[in-house]
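Undergrad: Each chain, letter by letter, is given below.
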Amino acid sequence: MNASPRRVAVVGADRIPFARSNSVYAHASNQDMLTVVLDGLADRFALQGERLGEVVGGAVLKHPRDRDLTREAVLGSRLAPDTPAYDVQQACGTGLETVIAVANKIALGQIDSGIAAGADTASDAPISLNEDLREILLDVNRARSAGARLRALTRLRPKQVVPETPRNEEPRTGLSMGEHTARMATEWGVTREEQDALAARSHQRLAAAYDRGFHDDLVSPYLGLERDQNLRPDSTAEKLAKLEPVFGRNGDATMTAGNSTPLSDGASAVLLASEDWARERDLPVLAYVAEAQTAAVDHVHRGEGLLMAPAYAMPRMLDRAGLTLQDFDLYEIHEAFAAQVLCTLKAWADPVFCRERLGRDAPLGEIDPDRLNVNGGSLAAGHPFAATGGRIVGGLAKALHERGSGRGVMSICAAGGQGVVAVLER
Amino acid sequence: MSTDTYGRLVNSPPGAFVARRAGLPRPVPLERHAPGDPVIRGRVLLGAAAGGRLVHAAAQVLAGTGAETATSLDEPVRSAAAAARLDAAVFNGLVPGEQRFKALVFDASGIADSTQLVALHAFFHPAIRRVERCGRIVVLGTPPSRCATPREATAQRALQGFTRSLGKEAGRGSTVQLVEVAPGAEEQLASALRFLLSPRSAYVSGQVVRIGPAAVGSGVDWERPLAGRVALVTGAARGIGEAIASTLARDGAHVVGLDVPALGADLRAVAERLGGEAMELDITDEGAPAAIAERFGPAGLDVVVHNAGVTRDRTLGKMPAERWEGLMDINLSSEERINDALLDAGVLRDNGRIVCVSSLSGIAGNAGQTNYATSKAGVIGMVEAMAPVLGERGLTINAVAPGFIETRMTGEMPVALREAGRRMNSLRQGGRPVDVAEAVAWFASPASAGVNGNVVRVCGQSLLGA
Numbered sequence: 001m002n003a004s005p006r007r008v009a010v011v012g013a014d015r016i017p018f019a020r021s022n023s024v025y026a027h028a029s030n031q032d033m034l035t036v037v038l039d040g041l042a043d044r045f046a047l048q049g050e051r052l053g054e055v056v057g058g059a060v061l062k063h064p065r066d067r068d069l070t071r072e073a074v075l076g077s078r079l080a081p082d083t084p085a086y087d088v089q090q091a092c093g094t095g096l097e098t099v100i101a102v103a104n105k106i107a108l109g110q111i112d113s114g115i116a117a118g119a120d121t122a123s124d125a126p127i128s129l130n131e132d133l134r135e136i137l138l139d140v141n142r143a144r145s146a147g148a149r150l151r152a153l154t155r156l157r158p159k160q161v162v163p164e165t166p167r168n169e170e171p172r173t174g175l176s177m178g179e180h181t182a183r184m185a186t187e188w189g190v191t192r193e194e195q196d197a198l199a200a201r202s203h204q205r206l207a208a209a210y211d212r213g214f215h216d217d218l219v220s221p222y223l224g225l226e227r228d229q230n231l232r233p234d235s236t237a238e239k240l241a242k243l244e245p246v247f248g249r250n251g252d253a254t255m256t257a258g259n260s261t262p263l264s265d266g267a268s269a270v271l272l273a274s275e276d277w278a279r280e281r282d283l284p285v286l287a288y289v290a291e292a293q294t295a296a297v298d299h300v301h302r303g304e305g306l307l308m309a310p311a312y313a314m315p316r317m318l319d320r321a322g323l324t325l326q327d328f329d330l331y332e333i334h335e336a337f338a339a340q341v342l343c344t345l346k347a348w349a350d351p352v353f354c355r356e357r358l359g360r361d362a363p364l365g366e367i368d369p370d371r372l373n374v375n376g377g378s379l380a381a382g383h384p385f386a387a388t389g390g391r392i393v394g395g396l397a398k399a400l401h402e403r404g405s406g407r408g409v410m411s412i413c414a415a416g417g418q419g420v421v422a423v424l425e426r
Numbered sequence: 001m002s003t004d005t006y007g008r009l010v011n012s013p014p015g016a017f018v019a020r021r022a023g024l025p026r027p028v029p030l031e032r033h034a035p036g037d038p039v040i041r042g043r044v045l046l047g048a049a050a051g052g053r054l055v056h057a058a059a060q061v062l063a064g065t066g067a068e069t070a071t072s073l074d075e076p077v078r079s080a081a082a083a084a085r086l087d088a089a090v091f092n093g094l095v096p097g098e099q100r101f102k103a104l105v106f107d108a109s110g111i112a113d114s115t116q117l118v119a120l121h122a123f124f125h126p127a128i129r130r131v132e133r134c135g136r137i138v139v140l141g142t143p144p145s146r147c148a149t150p151r152e153a154t155a156q157r158a159l160q161g162f163t164r165s166l167g168k169e170a171g172r173g174s175t176v177q178l179v180e181v182a183p184g185a186e187e188q189l190a191s192a193l194r195f196l197l198s199p200r201s202a203y204v205s206g207q208v209v210r211i212g213p214a215a216v217g218s219g220v221d222w223e224r225p226l227a228g229r230v231a232l233v234t235g236a237a238r239g240i241g242e243a244i245a246s247t248l249a250r251d252g253a254h255v256v257g258l259d260v261p262a263l264g265a266d267l268r269a270v271a272e273r274l275g276g277e278a279m280e281l282d283i284t285d286e287g288a289p290a291a292i293a294e295r296f297g298p299a300g301l302d303v304v305v306h307n308a309g310v311t312r313d314r315t316l317g318k319m320p321a322e323r324w325e326g327l328m329d330i331n332l333s334s335e336e337r338i339n340d341a342l343l344d345a346g347v348l349r350d351n352g353r354i355v356c357v358s359s360l361s362g363i364a365g366n367a368g369q370t371n372y373a374t375s376k377a378g379v380i381g382m383v384e385a386m387a388p389v390l391g392e393r394g395l396t397i398n399a400v401a402p403g404f405i406e407t408r409m410t411g412e413m414p415v416a417l418r419e420a421g422r423r424m425n426s427l428r429q430g431g432r433p434v435d436v437a438e439a440v441a442w443f444a445s446p447a448s449a450g451v452n453g454n455v456v457r458v459c460g461q462s463l464l465g466a
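These protein sequence lines map, in sequence, to chains A and B.
No gaps in the numbering here: position 343 of the first sequence is 343 in the numbering used here, and each next residue is one more.
No gaps in the numbering here: position 443 of the second sequence is 443 in the numbering used here, and each next residue is one more.
Among the hints, erroneous ones may be present.
Facing chain B, according to a computed beta carbon distance under 10 Å, are these residues of chain A, among others [claimed, not checked]:
| id | residue |
| --- | --- |
| 1 | VAL190 |
| 2 | ASP350 |
| 3 | VAL352 |
| 4 | PHE353 |
It is worth saying that the hints were derived from the structure and are not from the lab.
No experiment lies behind these values; they were computed from the predicted model shown.
Every residue, glycine too, gets a C-beta built ideally from N, C-alpha and C.
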């Protein structure tokens with residue numbers, strides 16, 4: 001066995017431009033998109049026919065038919081068919097969790113290389129049999145006599161033709177993610193102006209990053225799309241201020257389609273390797289995976305903010321790594337909603353939250369906004385759930401590579417009251 | 001006690017309808033304290049102007065009450081809340097949500113210049129219409145005389161205009177006070193803030209309370225702060241005196257009620273009910289001070305409440321001298337003699353309390369009461385003059401000045417006069433004897449060591465007097 005963990009290199013990343021749902025990727029499946037980004041990496045890093053240590057991938061909105069989605073994508077890709085693969089799922093944390101899963105095996109020496117990937121489509125969403133109808137059909141199948149079968153069939157009702165569609169709501173609260181976040185925004189006193197300013201900055205920075213060619217080796221065109229479809233380069237806080245609120249109660253509703261991420265389609269993949277593996281193939285090292293941490297909150301019984309888990313994950317990771325929140329050159333906080341980012345920042349700077357919730361004598365403090373999401377975020381790019389982690393890891397690794405040295409931290413909130421944070425350094 | 005028929009009428013559904021249409025005053029039934037109640041039932045919004053030195057102490061007091069709290073997401077209030085272990089919610093006036101508050105507490109001590117008074121507007125403007133019925137509003141500041149610069153003193157004096165006006169605006173049974181805490185007296189805030197936030201101060205509004213430094217007392221049992229302490233209440237047989245005796249007993253005191261022998265039966269009944277003692281004595285007797293000092297002798301006494309008093313109304317031109325002399329002896333001179341006797345003999349124990357009952361007439365004056373108002377203004381003079389002397393000995397002296405309190409005495413007033421008396425205050429109703437008694441109990445508490453030389457009106461912020 002290896003005595004100590006090895007450094008894990010981020011070699012490169014590839015993704016397709018993210019599309020708004022029911023648009024250009026409407027007929028692309030998760031497997032289609034996942035295969036495309038695996039091929040993108042294979043082309044970019046000459047991995048055709050190469051057997052990698054493992055591919056870990058996932059999707060949040062997943063069809064029942066997609067048993068072992070990632071393995072099927074590998075078989076459809078130009079990677080060697082004898083590359084093993086498995087699926088991971090942790091809502092919007094899925095993408096970053098695949099990176100952590102691959103990185104940990106490389107660190108332990110169990111594999112030398114691997115791809116972490118994620119895809120999601122809100123267009124090609126799984127629609128399943130009506131739940132009542134399904135139970136009746138199963139009962140019919142279980143029945144041993146014709147009479148019993150008929151008795152089961154008498155329970156059929158016309159309304160059972162209505163299928164089950166995936167719902168964007170928390171199973172245990174019945175509230176949508178937006179409604180949960182609206183509660184958080186109210187709890188933290190987040191204003192509409194703050195949210196719109198953050199959203200506008202996200203668009204402006206993503207547009208600037210595209211313009212200077214930052215995404216040239218991170219994004220591959222797909223189905224005629226070259227840039228993220230949701231991106232509005234000329235977005236301003238003033239324009240965003242004109243939108244009607246969509247979440248929250250009348251009177252103090254502050255969340256709009258402009259400062260919330262849209263339902264999106266897309267996929268991303270990140271190539272990770274040991275230093276030796278990369279060196280042998282003359283491949284670059286953009287950055288190293290340094291730390292990772294997950295956390296969860298009890299949004300069900302204790303009424304904590306659904307998307308506040310990263311606020312807990314961060315200090316646990318910082319303490320373990322002996323770092324402070326100010327020890328980073330770059331911060332990537334997933335912009336599920338502008339309000340989520342703002343609530344998280346307020347929580348870290350709040351002596352009361354840090355004392356009562358985190359058990360700390362002093363707050364984690366504030367971060368320099370000029371180091372936050374410097375190349376744009378999910379509000380501009382869109383947010384195909386499982387693909388966001390790969391987008392952020394690829395972007396942060398490249399930004400650190402451009403700087404030459406430094407440390408960057410990522411924070412991603414997820415449904416179910418969960419959160420993932422991780423550190424890249426160079 | 002007389003009955004506020006009008007108040008009951010306009011709080012009945014048809015009466016409320018008529019009163020609303022006719023624009024008549026509709027007094028809100030005031031919440032009052034019952035044993036076991038929390039200090040405050042509802043959320044408290046705590047705020048502070050930049051540089052406030054009292055917000056930490058206020059946060060500590062709130063933490064001690066167990067009240068639910070909220071603050072803006074600003075310094076110094078968030079750090080103060082965290083240090084006090086207050087799990088305070090966030091309130092942003094720009095996006096207030098549905099938060100309602102039972103109380104607003106604002107530390108204005110950081111305001112050192114008139115241009116900074118706008119901090120009052122910033123804090124209260126978004127919050128004031130979110131105050132619930134019988135809400136409590138307390139502004140904390142610095143006594144102008146203890147300010148470092150003329151500008152600071154100017155700004156701090158300005159706070160009185162704010163709280164007195166807000167008291168008149170607040171309505172719906174809410175009260176507004178200014179608490180001026182001298183530098184170094186921050187630790188003494190608790191008893192005053194708890195009293196002013198609780199329903200115990202139901203009929204106290206528009207007041208300025210001054211708190212000075214004192215030796216910090218040991219922990220007090222807020223439910224029974226007077227446990228193990230002995231209190232003498234004069235005029236305890238009936239009315240306000242009886243309420244004071246009852247309230248002190250509720251707070252744990254062993255109460256000795258004193259009254260004239262003519263009211264001996266009533267007095268003994270009170271004493272028996274309270275598990276205390278009766279002392280039948282005319283305080284104007286020559287030997288009364290010595291008799292009292294001897295009675296409490298070596299065991300000592302902790303609290304003296306000078307409540308006994310009479311009215312002998314007559315316009316001055318028609319007032320014979322004996323009406324003047326008898327009243328003055330009961331209402332003022334005898335109190336001075338008793339104080340002297342107790343202090344000379346060292347009967348009043350460490351951390352002892354003298355509490356006097358003055359009157360609104362002593363502040364505002366009243367036609368037909370030259371004698372009474374003189375005596376009650378004299379009581380205020382006595383409090384002010386003796387406070388520094390007693391303070392040096394670790395004792396305090398304070399007075400309550402009741403306004404229109406519903407008693408047998410007010411019940412005998414002509415109807416028109418009585419109605420006018422009831423309505424001419426911010427709460428649009430008369431107070432109850434217990435309201436006076438609660439203020440007395442606050443002064444009497446061992447936790448009130450920093451409350452010395454105060455005259456607090458229990459008048460619902462009467463229009464009479466300053």
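Undergrad: Decide, hint by hint, whether the structure agrees.
TA: For each hint, the structure was consulted:
no. : hint   : verdict
1   : VAL190 : holds (7 Å)
2   : ASP350 : holds (6 Å)
3   : VAL352 : holds (5 Å)
4   : PHE353 : holds (9 Å)
In the structure shown, no violation is registered for any of the earlier numbered hints.
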